[in-house]
Each structure stands twice: as structure tokens, then as C-alpha cells.
Amino acid sequence: MKIRTIGRHGREGLRNLSRNGWMTFASISAVTVTLLLLGVFLLLAYNVQQFSKQLESQVEMNVYVKEGAARADVLELERQLKSLPELASVTYVSKESGLDQLKDKLQENASLLEGLDKENPLPDKFILKAKDPQLIGSVAAKVQTLPLVDKVNYGKDTVEKLFKGISLVRNSGAVFVVGLCFTALFLISNTIKVTIFARRKEIEIMKLVGATNWFIRWPFLIEGLLIGALGAVLPIALLSFGYSYLLSVYPSFMYFNFAAVDLVYSVSTILISIGALIGMIGSVMSISRFLRI
Amino acid sequence: MKIRTIGRHGREGLRNLSRNGWMTFASISAVTVTLLLLGVFLLLAYNVQQFSKQLESQVEMNVYVKEGAARADVLELERQLKSLPELASVTYVSKESGLDQLKDKLQENASLLEGLDKENPLPDKFILKAKDPQLIGSVAAKVQTLPLVDKVNYGKDTVEKLFKGISLVRNSGAVFVVGLCFTALFLISNTIKVTIFARRKEIEIMKLVGATNWFIRWPFLIEGLLIGALGAVLPIALLSFGYSYLLSVYPSFMYFNFAAVDLVYSVSTILISIGALIGMIGSVMSISRFLRI
Amino acid sequence: MIEMHDVWKTYPNGAVALQGVSVRIDKGEFVYVVGPSGAGKSTFIKLMYREERPSKGSIFVNGFNIERLKERKIPLLRRQIGVVFQDFKLLPNMTVQENVAFALEVIEASPKKIRQRVNEVLELVGLTDKAKDLPAHLSGGQQQRVSIARALINNPSVIIADEPTGNLDPETSWDIMRLFEEINNRGTTIVMATHNKEIVNTLKRRVLAVEGGQIVRDQKRGVYGYEN
Amino acid sequence: MIEMHDVWKTYPNGAVALQGVSVRIDKGEFVYVVGPSGAGKSTFIKLMYREERPSKGSIFVNGFNIERLKERKIPLLRRQIGVVFQDFKLLPNMTVQENVAFALEVIEASPKKIRQRVNEVLELVGLTDKAKDLPAHLSGGQQQRVSIARALINNPSVIIADEPTGNLDPETSWDIMRLFEEINNRGTTIVMATHNKEIVNTLKRRVLAVEGGQIVRDQKRGVYGYEN
Ligand SMILES: Nc1ncnc2c1ncn2[C@@H]1O[C@H](COP(=O)(O)OP(=O)(O)OP(=O)(O)O)[C@@H](O)[C@H]1O
Ligand SMILES: Nc1ncnc2c1ncn2[C@@H]1O[C@H](COP(=O)(O)OP(=O)(O)OP(=O)(O)O)[C@@H](O)[C@H]1O
Ligand SMILES: [Mg+2]
Ligand SMILES: [Mg+2]
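Protein chains in written order, with full-length UniProt numbering: chain F, 1 to 293; chain W, 1 to 293; chain E, 1 to 228; chain V, 1 to 228.
Bear in mind the hints are in silico, worked out from the structure with no lab data behind them.
One should not assume that every hint holds.
What the hints assert, rightly or not - What the simulated footprint calls covered on chain F by chain V, stretch by stretch (three residues with Cβ under 8 Å from a Cβ of chain V suffice, anywhere in the stretch; the number is not a length):
| hint | region |
| --- | --- |
| 1 | 3-9 |
| 2 | 47-57 |
| 3 | 202-210 |
Stated by the list, open to error - Taking lysine-lysine pairs in the DSSO-like style, the calculated list, with each CA pair at most 30 Å apart, reads:
| hint | chain 1 | residue 1 | chain 2 | residue 2 |
| --- | --- | --- | --- | --- |
| 4 | W | Lys142 | F | Lys53 |
| 5 | W | Lys161 | F | Lys129 |
| 6 | V | Lys204 | E | Lys197 |
| 7 | F | Lys103 | W | Lys201 |
| 8 | F | Lys161 | W | Lys156 |
| 9 | W | Lys164 | F | Lys53 |
| 10 | F | Lys129 | W | Lys129 |
| 11 | W | Lys201 | E | Lys204 |
| 12 | F | Lys105 | W | Lys53 |
| 13 | F | Lys2 | V | Lys73 |
| 14 | F | Lys105 | W | Lys201 |
| 15 | W | Lys129 | F | Lys105 |
| 16 | F | Lys201 | F | Lys129 |
| 17 | W | Lys142 | F | Lys156 |
| 18 | W | Lys53 | F | Lys156 |
| 19 | V | Lys204 | E | Lys204 |
| 20 | W | Lys161 | F | Lys105 |
| 21 | W | Lys161 | F | Lys161 |
| 22 | W | Lys2 | F | Lys164 |
| 23 | F | Lys164 | W | Lys201 |
| 24 | E | Lys73 | W | Lys2 |
| 25 | W | Lys103 | F | Lys151 |
| 26 | V | Lys113 | F | Lys2 |
| 27 | W | Lys103 | F | Lys161 |
| 28 | F | Lys201 | V | Lys112 |
| 29 | F | Lys201 | V | Lys46 |
| 30 | F | Lys105 | W | Lys2 |
| 31 | V | Lys113 | E | Lys46 |
| 32 | F | Lys105 | W | Lys95 |
| 33 | W | Lys53 | F | Lys164 |
| 34 | E | Lys220 | V | Lys197 |
| 35 | W | Lys164 | F | Lys66 |
All values reported here derive from a predicted model rather than from experimental measurement.
Every residue, glycine too, gets a C-beta built ideally from N, C-alpha and C.
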């Protein structure tokens with residue numbers, strides 16, 4: 001293929017956009033709507049994953065120190081805990097602040113604990129967070145073996161339920177996003193197919209006057225790429241503005257901070273790639289059946 | 001229009017499905033994918049709404065009875081509470097069971113409360129649920145005025161946060177469903193438009209040999225209706241099987257029970273109506289511009 | 001009866017196809033429209049059944065004022081005119097018999113009558129054995145004859161034919177011409193654009209010669225008249 | 001050189017278009033293909049540039065064995081053959097000059113040469129002033145001439161024309177025939193299906209008469225030969 005032919009195909013692809021004005025509009029808008037949908041979901045899904053991660057990261061375990069341990073021994077235990085690579089954080093809670101926390105928890109019933117300040121029956125404890133919350137069980141077992149550790153408690157049942165819930169949300173989120181990606185792929189390539197089908201006679205004519213398959217494909221390929229890319233413009237713009245607006249209105253939701261605006265850039269990259277790629281591949285593939293003349 | 005002409009239009013619409021084999025397939029499958037997406041979301045959104053309602057319904061308030069109230073007075077208070085139309089449930093918790101519940105709550109620290117069994121300092125209380133949890137604040141104020149009521153507590157801050165969160169989820173869910181409905185409408189009518197555009201010459205020819213606008217529209221209308229309805233078949237089947245399967249695997253998720261299979265029937269009705277209506281309306285509207293000859 | 005008064009036609013792209021055409025074609029006449037390629041014959045003809053609208057001037061066909069005609073009435077006009085299109089204009093998804101039947105279906109004729117008339121006209125143009133084929137599966141001349149059959153089927157009072165023998169061999173052309181003659185003898189007005197010198201010169205009828213968008217000759221029993 | 005040996009063609013719908021056609025057309029010959037509508041002329045012609053494939057028999061065109069031809073080589077064959085299609089086959093989205101230029105673009109000619117040749121051939125068929133119009137905005141005869149111009153543009157060694165004058169007035173038809181004669185005189189093989197008795201009988205060349213899918217007459221300096 002000569003260089004000037006590449007230019008010719010580019011011009012031709014571009015010109016076809018306006019020649020098929022109405023069809024071009026219809027396909028670009030179908031791509032737009034599909035990608036907008038996909039984009040919204042990618043943003044949502046990413047935030048849900050983040051949210052579930054954050055929930056997970058709130059899982060902690062209480063390590064109770066044996067009664068009567070010396071101050072120095074407790075410090076040694078803290079050192080040992082801090083040296084464990086599996087742990088993300090180690091917080092020491094003395095029996096006094098433990099009692100204060102309990103009072104907070106009991107709210108209006110705090111008076112129940114009033115008499116206890118003088119002879120505090122609570123043990124000292126450490127609150128630990130694991131780097132990988134999913135492994136909290138095995139970390140707990142390991143910590144249990146340390147000297148001076150009386151009891152380890154991480155609310156096994158609740159945590160397991162939580163993990164099950166999180167993994168359900170995560171998995172269904174992933175299934176959703178994958179499903180939606182395929183839906184987008186299908187809808188975009190379907191639209192492109194239909195528009196090419198409507199032009200099958202043209203393709204046959206080109207073939208009959210001596211064009212090679214690739215000579216015919218190139219302009220369609222470029223046209224498809226442009227349709228896909230143009231179809232991604234509006235969704236990207238809307239998502240960027242929309243998401244930053246949303247962030248400014250709701251910077252956080254309950255305990256959760258939404259992912260930063262940067263996320264939109266990743267999503268935009270995905271959208272424009274999907275648009276352009278599917279536009280291109282869809283064109284080339286749909287043409288093939290009409291080239292057999 | 002004569003009766004037999006109605007029959008003719010029906011036959012013609014049906015026949016066009018097979019005559020335009022490939023186009024028919026493309027448009028039916030676009031409708032299928034779009035409605036499947038919509039269906040999944042309707043099911044999801046409904047369950048999320050249910051879930052948020054259920055969360056809401058767990059909001060309760062504690063009503064503490066004044067110390068030293070006579071048994072009969074407490075019963076009278078209970079009667080009064082039960083007669084309040086705003087309340088959905090009224091549960092009496094004696095000071096003894098109150099203490100047991102507290103012990104459960106403290107888990108491994110329950111020992112702290114050990115000495116209290118003999119001289120239980122807790123008041124008797126009622127746990128109330130409002131029929132409309134959103135109105136819990138005003139109900140609390142009303143209950144507060146009753147004789148013998150010492151304190152009313154419903155965790156104002158937490159509850160308000162929860163309601164804010166729920167309304168965010170609800171509103172964004174509604175926006176989503178509406179947005180997705182429009183997306184579906186757009187994609188389906190767009191597909192139909194493109195296929196009709198590809199057949200504009202036929203429409204012009206019919207017009208030129210003396211057909212009235214409605215004579216041309218009817219078969220297209222029926223064809224569009226069939227495409228929309230046929231496009232709804234697969235989504236309905238998949239959703240029915242998929243949802244009942246899901247229900248059999250996860251009958252509940254955390255504290256939440258999924259809505260019953262009946263929901264699928266409502267969703268199916270929505271899908272087939274949208275498919276058929278948009279198919280029909282989309283056809284008729286897209287034709288109009290080509291009838292102006 | 002067809003009447004045009006000072007009709008001009010400029011296409012949206014600026015091409016001037018007709019320039020001040022005035023003519024009167026009486027009921028039952030047989031008129032050839034001749035002229036070089038691009039002279040404006042097809043445009044002249046398309047104005048009669050309102051495929052195109054004049055830029056200026058007035059047109060009356062069977063009492064319809066084409067300019068003032070309401071949208072809703074257009075089909076009524078077209079049902080009185082059988083058109084053989086230069087490019088056939090067959091419905092690609094319908095078989096030959098469905099294509100031909102279409103012109104009767106639009107007037108809601110009975111299925112029995114439709115079947116009978118379809119067979120009749122397909123017989124007339126010699127396509128009985130192609131009744132169930134799609135237009136794309138026909139030869140050029142066969143497609144042209146389907147277009148002719150469709151124009152005849154509902155016994156219109158006017159037949160407008162744009163080069164109806166362009167894709168036909170001389171023998172078949174003559175068959176078609178004999179058919180037109182016969183139909184004309186029964187009182188049907190026939191307007192036919194044609195390049196077929198032999199036909200025009202043999203079947204002597206009124207000749208309208210169009211050149212550069214104007215009627216340059218209007219002869220009672222004319223000849224084709226362009227010399228090679 | 002074009003050679004056919006016992007070629008049969010049955011279309012997928014069962015229509016038998018050719019039945020045992022054998023013929024040899026030498027380089028530089030000028031051949032008319034005549035015969036009634038539906039005889040098989042177009043099918044005969046379509047086999048040469050492989051628009052249709054024979055059901056049986058072998059075909060050689062310019063040394064290409066049509067049956068054995070690899071997919072990839074088909075464009076090479078077609079570039080040696082200029083085809084005037086019975087239904088024109090113009091690209092609806094391209095202007096006249098783009099349509100004509102297309103046959104040169106596929107061989108990656110230089111833009112300058114393309115421009116020059118396009119002007120030349122449009123001049124030859126008398127369409128210089130319609131260069132920038134879309135096919136839909138042309139008259140029937142003008143469209144046919146665009147198809148002719150495209151067939152000529154890359155100086156093919158064979159020109160195959162399917163009723164190239166079907167939509168042309170006699171004068172323009174003669175212009176085109178003179179063009180073909182001239183091109184033929186320069187050594188180009190010309191195969192032309194036609195219904196134009198006058199042309200065949202005046203410009204006496206080899207005549208292949210096809211009837212019912214068979215070649216029933218092959219005359220050196222023949223005549224049209226069907227009487228009306
Ligand atoms: N739709 C259109 N848009 C623009 N110009 C047109 C259109 N149709 C025809 N023309 C132009 O109007 C002029 C007359 O065209 P018309 O089709 O009436 O010619 P004609 O006499 O039928 O020719 P032919 O014998 O080749 O069919 C031509 O120059 C043609 O290019
Ligand atoms: N694509 C096709 N599919 C099925 N049958 C076809 C097809 N093309 C042509 N035929 C049939 O094959 C026979 C020969 O057709 P062909 O087009 O070769 O005729 P022709 O000689 O060119 O006629 P004309 O002068 O009318 O153009 C006809 O009976 C026709 O109906
Ligand atoms: Mg014309
Ligand atoms: Mg032919």
C-alpha cells in the first residue's frame with residue numbers, strides 16, 4: 001500500500017461520516033448512550049469495591065493481656081506485636097481507657113459502671129488490625145501463642161458474615177461490570193453491523209470494480225474507529241463533570257470517602273478504548289461477509 | 001379499513017420479520033440485550049429499596065419508665081403506647097431482661113456487670129417501632145409527654161445519618177432506574193430507526209404506487225411490536241430462571257430477605273410492555289419522515 | 001386529462017430540468033415524450049404523479065390540482081395513474097406477484113380479485129413462471145416487465161411509462177407496445193417517454209419533443225425526429 | 001482472450017440461465033450478445049468477471065482460470081475488465097467524479113493522473129458539468145454514461161457492457177458506439193449485450209445470439225436477426 005493510499009483511506013473514512021449523515025448520527029448516539037451507561041457503572045462499581053475494602057479494614061481484634069502483667073512485659077508484648085509483618089496497626093488500650101470506651105458504648109446506661117473506677121476489673125488490651133483483613137483468623141491464632149496474651153477476640157461469627165456479604169457484593173459487582181462490558185461490546189458492534197449491512201451493496205460494487213478487500217476495509221475501519229471514539233466524547237465529558245460535581249456535593253457517604261476524580265481518567269481511557277476498538281473491529285468483521293463476491 | 005386489510009397488515013408485518021432476516025435478528029438481539037440489562041436493574045433496584053426499607057424498619061426507640069412505677073401503672077403505660085396509631089410495635093423489657101441484654105452486648109466483658117443482679121439499677125423500658133420510621137423524631141416527642149415516661153432515646157444522630165444514607169441510595173437508585181429506562185427506550189427506538197432507514201426506499205415506492213400513510217405504517221407497526229415483544233422473551237426467561245436460582249442459593253443476604261419470585265412477573269410485564277410499545281412507537285415515528293413523498 | 005401551465009422545475013442542487021412547459025394531454029390520448037438524455041423527460045413525467053413538485057406553474061391531472069393537493073389525497077391521485085418507472089422501483093423483499101398485487105392491495109380489493117388480476121397481468125407481460133421470484137432474481141428486462149404489470153393491474157385511467165422498453169429486446173418491446181395500444185384503445189391515456197425511434201416512427205402518435213427542459217416540438221402524428 | 005467450455009449456470013433458486021455454452025472470443029474482437037429478455041445474456045457476461053460462478057464448465061479470461069482463481073487474485077482480473085453494468089451499479093454516496101475515479105484509485109494511481117483521466121472520460125461521455133453531482137441527482141441516461149465512463153477509465157484490455165445504451169437516446173447511443181469502436185480499434189476486446197437492432201445491423205460485428213441459455217447463432221459479421 002502506498003503512503004498516499006493511507007491518506008486516501010483516512011479522508012474517505014472521514015468523508016463517509018458526513019456522507020452517511022443520519023446513520024452516522026444514529027450509530028454515534030448509540031455508542032454514546034452505551035458508553036455512558038458503562039462509564040457510570042464502572043465508577044459505581046469501583047466505589048462499591050472501595051467501600052467494601054474500607055468495611056473490611058475496620059475489622060479488628062482485641063488482644064487481652066494476662067492480669068497482673070508488669071508494665072515492662074506489656075511494652076515487650078507491644079514490641080513483639082509491632083514486629084509481626086501481618087499486622088497493619090497495633091493500638092494499646094489501658095484498662096482505664098477501656099472502661100471509658102465501655103461507658104461510651106453503654107450510652108445512657110453508663111451509670112451501671114459507675115462504681116468500677118476504683119477497682120477496675122478490665123484487663124489491658126491491644127487492638128490490632130491485620131494488613132489483609134481476610135486473614136484475621138490465622139493472625140489471631142498466631143497472636144494467641146504469644147506469652148502474656150490471655151484471650152484473643154475478633155468477633156468470629158460477625159466477621160465471617162461480613163466477609164461473606166462483602167464477597168457477595170464484590171463478586172456480583174464484578175459479574176455486573178463484565179456483563180455490562182459485554183453488553184456494551186454487543187450493542188456497539190451490533191449498531192455498526194446494521195449500518196454496514198445497510199451499505200452492503202456499496203461494498204459489493206467496490207469489489208466488482210476491482211477493489212481488494214483491504215482497500216474496502218480501511219475506510220470502514222477508520223469510520224468505525226471514529227464513530228466509536230466520537231461516541232466516547234460525550235460520556236467522558238458528562239462523567240467528568242458529573243463525578244466532580246457529585247464529589248463536591250457528597251465528598252463522603254456514611255463512613256466512606258468517594259474515590260478521587262482521578263478515577264474518571266481511568267474510566268475515560270477505558271471508554272474511549274472500548275469505543276474505538278469495537279468500532280474498528282466491528283466494522284472490519286461485519287464487512288467480511290459482504291466481501292465474498 | 002376493511003377487516004381483511006387488518007389481516008393483511010398482520011400477515012405482512014409477520015412476513016417482514018423473515019424477509020429482513022438479518023436485520024430482524026440484529027434488532028431483536030439489540031432489544032434483548034437492552035431489556036435484559038434493564039430487567040436485571042429493576043430487580044436489583046427493587047431489592048435495594050426493600051433492603052433500605054428493612055434497614056429503616058430496624059430503627060427503634062427506648063422508652064424508660066420512671067423509677068419506682070407500680071406494676072399496674074406500667075401496664076397502663078403499655079396500653080397507652082399500644083393505642084398510639086403511629087406505632088408499629090411496642091415491646092416491654094423488664095429491668096431483668098434489660099440487664100441480660102446488656103450482658104450479651106458486652107460479650108467478654110460481661111463479668112463487669114456481675115455484681116448487679118441483686119440490686120439492678122436499670123429502669124424498665126419499652127422498645128417501640130414507628131410505622132413510618134422517618135417520623136420517629138415526632139413520635140418520640142409525643143411519647144415523651146406521657147406520664148411515667150422518664151426518658152426517650154432513639155439515637156438521634158445515628159438515625160439521622162442512616163436516613164440520609166438511605167435516601168441517598170434510594171434517590172440515586174431511582175435516578176438510575178429512570179436513566180436506564182430512557183437508555184433502553186433510546187437504544188431500542190434507535191435500532192428500529194436504523195432498520196427503517198435502511199428500508200426508506202421501499203417506503204417511498206409504496207407511497208408512489210398509491211398506498212396511504214397508514215397502509216404503509218400498519219405492517220411496520222406490527223413488525224416493530226413483534227420485534228419488541230420477541231426481544232423481551234429471552235430476558236424474561238433468563239431473569240425468571242436466574243432470579244429463582246439466585247433465591248435458591250442466597251435466600252437472604254446479611255439480615256435481608258430477597259423479594260419473592262413474584263417480583264419477576266412485575267418486571268417481565270414492564271419489559272414486554274416497554275419492548276412492544278417502543279418497538280411499535282419507534283417504528284411509526286421513524287417512518288413518518290419517509291412518507292413525505 | 002393532464003394540463004400544465006408554464007411549469008418550471010429546478011432541483012435543490014440547482015439543476016434546471018424544466019423551463020416553462022405548457023401542455024395539454026386529453027383523455028384517451030397516446031403521447032410519446034422524446035428527447036436526448038437529460039432533456040427533462042423523466043422530470044416532466046414525475047410531476048404528473050407528484051413524485052416531484054414544480055418550482056413554478058400549475059398542473060392538473062384528472063381534475064386534481066397537483067399544487068394544492070392535500071397530503072391525504074395524494075394516494076387517490078396515484079391510484080388513478082399507473083406508472084412504469086425508469087428504474088423499475090420494485091419492492092426488493094416482495095416476490096413478483098406480491099409486487100404486482102401491491103397496487104391492488106392499497107385499494108383493498110378482495111383477495112380473489114387480486115389473485116385473478118395478478119395472474120392476468122403477469123400473463124400479459126409473459127412472467128407467469130417468475131411469479132414467485134424476488135426481483136433481484138430476475139433479468140433486467142423481466143424486472144421492467146414486472147414494473148409494467150404493476151402499472152396496469154388496477155386499470156388506471158392514465159398510464160405513465162418512463163422508457164418502458166429500455167431493457168427489452170425488440171420483440172418483447174413490440175408485445176408491450178401492442179398491449180399499450182390495446183389499453184389506449186379502451187380509452188386509457190398513455191404518456192410514454194422513450195428512446196425507441198423505431199416504435200415512435202412506426203406507431204405514429206402524438207410526439208412531444210423535450211430538449212433542455214422545453215417542449216420544442218408537439219406533433220399530432222409525429223416521428224422520433226432525431227437523426228443520427 | 002475469453003474462452004468458455006460447456007458452461008452451465010443454475011441459480012440457487014433453480015433458474016437455469018445457461019446450458020452448455022462454449023465460445024471463444026479473441027483479443028481485440030468486438031462481439032454483440034443478443035437475445036430475448038431472460039435469455040441468459042447478463043449471466044453469460046457476469047461469469048467473465050466472476051460476479052457469478054458457473055455451476056459447471058470452465059472459463060478462461062486473459063489467462064485467468066476463473067474457476068481456480070484465488071480470492072486474492074480476483075481484483076487483478078477485474079482490473080483488466082471494464083464493466084458497464086445493466087443496472088449501473090454506481091456508489092450512491094459518491095459524486096460522479098468520485099465514482100469514476102474509484103476504478104483508478106483501486107490501482108493506486110497518482111492523484112494527478114486520476115484527475116486528468118476522470119476529466120478525459122467524463123468529457124468523452126459528455127458529463128463534465130455533472131462531475132460533482134450524486135448519481136441520485138442524474139437522469140437515467142446520465143447514470144448509464146457514468147457507468148460507461150468508469151468502465152473506460154483505466155484502459156482495460158476487455159470491456160464488457162450490458163445493454164450500455166438501454167437508457168440512451170439514439171444520438172447519444174451512437175456517440176457511445178463510436179467511442180467503443182475507437183477503443184476496439186486500439187485493440188481492446190469488447191463484449192456487449194444489446195437489444196439495439198439498429199446498432200447491431202449497422203455496425204456489423206460478430207453476433208452471439210443467446211436463447212434459452214444456449215448460443216443458437218454465432219455469426220462473423222452478423223445481424224440482430226430477430227424479426228418483429
Ligand atoms: N433528483 C435530481 N436532483 C437534481 N438534478 C436532477 C434530479 N433528477 C434529474 N436531474 C437533472 O435534471 C435534468 C433532467 O433530468 P431527467 O431525469 O428529467 O432527464 P431525462 O430526459 O429523463 O433523461 P434520460 O433520458 O437520461 O432519462 C438532468 O440534467 C438531470 O441531471
Ligand atoms: N440472481 C438470479 N437468481 C435467480 N435467477 C436469476 C438470477 N439472475 C437471472 N436469473 C434468471 O436467469 C435467466 C437469465 O437471466 P439473465 O439476466 O442472464 O437474462 P438476460 O438475457 O440478461 O435478460 P435481459 O435482456 O432481460 O437483461 C432469467 O430467467 C432470470 O430470471
Ligand atoms: Mg429519464
Ligand atoms: Mg440482462
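Structure-based check of all given hints:
no. : hint                  : verdict
1   : 3-9                   : holds (count 3)
2   : 47-57                 : violated (count 0)
3   : 202-210               : holds (count 7)
4   : Lys142(W) / Lys53(F)  : violated (41 Å)
5   : Lys161(W) / Lys129(F) : holds (26 Å)
6   : Lys204(V) / Lys197(E) : holds (20 Å)
7   : Lys103(F) / Lys201(W) : violated (82 Å)
8   : Lys161(F) / Lys156(W) : holds (27 Å)
9   : Lys164(W) / Lys53(F)  : holds (22 Å)
10  : Lys129(F) / Lys129(W) : violated (36 Å)
11  : Lys201(W) / Lys204(E) : violated (37 Å)
12  : Lys105(F) / Lys53(W)  : holds (26 Å)
13  : Lys2(F) / Lys73(V)    : holds (19 Å)
14  : Lys105(F) / Lys201(W) : violated (77 Å)
15  : Lys129(W) / Lys105(F) : holds (22 Å)
16  : Lys201(F) / Lys129(F) : violated (67 Å)
17  : Lys142(W) / Lys156(F) : violated (41 Å)
18  : Lys53(W) / Lys156(F)  : holds (28 Å)
19  : Lys204(V) / Lys204(E) : holds (29 Å)
20  : Lys161(W) / Lys105(F) : holds (18 Å)
21  : Lys161(W) / Lys161(F) : holds (24 Å)
22  : Lys2(W) / Lys164(F)   : violated (64 Å)
23  : Lys164(F) / Lys201(W) : violated (59 Å)
24  : Lys73(E) / Lys2(W)    : holds (19 Å)
25  : Lys103(W) / Lys151(F) : holds (18 Å)
26  : Lys113(V) / Lys2(F)   : holds (15 Å)
27  : Lys103(W) / Lys161(F) : holds (22 Å)
28  : Lys201(F) / Lys112(V) : holds (29 Å)
29  : Lys201(F) / Lys46(V)  : holds (16 Å)
30  : Lys105(F) / Lys2(W)   : violated (80 Å)
31  : Lys113(V) / Lys46(E)  : violated (39 Å)
32  : Lys105(F) / Lys95(W)  : holds (19 Å)
33  : Lys53(W) / Lys164(F)  : holds (22 Å)
34  : Lys220(E) / Lys197(V) : holds (27 Å)
35  : Lys164(W) / Lys66(F)  : violated (43 Å)
When held up to the earlier numbered hints, the structure conflicts with 2, 4, 7, 10, 11, 14, 16, 17, 22, 23, 30, 31, 35 and fits the remainder.
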